[in-house]
Amino acid sequence: MSEQIREEFDISVTPAAIQKTLKTIDITRKTVTQIPCKWNKAAFLQQQHNYVLNRVTN
Numbered sequence: 001m002s003e004q005i006r007e008e009f010d011i012s013v014t015p016a017a018i019q020k021t022l023k024t025i026d027i028t029r030k031t032v033t034q035i036p037c038k039w040n041k042a043a044f045l046q047q048q049h050n051y052v053l054n055r056v057t058n
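If you're matching positions, the sequence shown starts at 1 in the UniProt record's numbering and goes up one per residue.
These are computed hints drawn from the structure, not numbers from a lab.
Check the hints yourself; a few may be wrong.
Unchecked claim - Now the in silico label distances, taken between C-beta atoms and shown as ranges:
id	residue 1	residue 2	range
1	L45	I18	37 to 47 Å
2	L45	R6	39 to 49 Å
3	D10	Q34	20 to 30 Å
4	T14	R55	46 to 56 Å
C-beta: ideal position from N, C-alpha, C; glycine also.
Could you put together the complete structure from these sequences and hints?
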């Protein structure tokens, strides 16, 4: 893995540093998934609002 990092990013890293990073890094679906632009548009937000309101009132 350190060889691949050196080749791709042109930096030197030790296996111990990689191991430490993997132990302490916090990777979740929310931290790596990009939010689609349409999720921030008014029409989409209104649809979500209407859906939730409908679920609560019915």
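So, going through the hints one by one against the coordinates:
no.	hint	in the structure
1	L45 x I18: 37 to 47 Å	holds, 41 Å
2	L45 x R6: 39 to 49 Å	holds, 45 Å
3	D10 x Q34: 20 to 30 Å	holds, 26 Å
4	T14 x R55: 46 to 56 Å	holds, 52 Å
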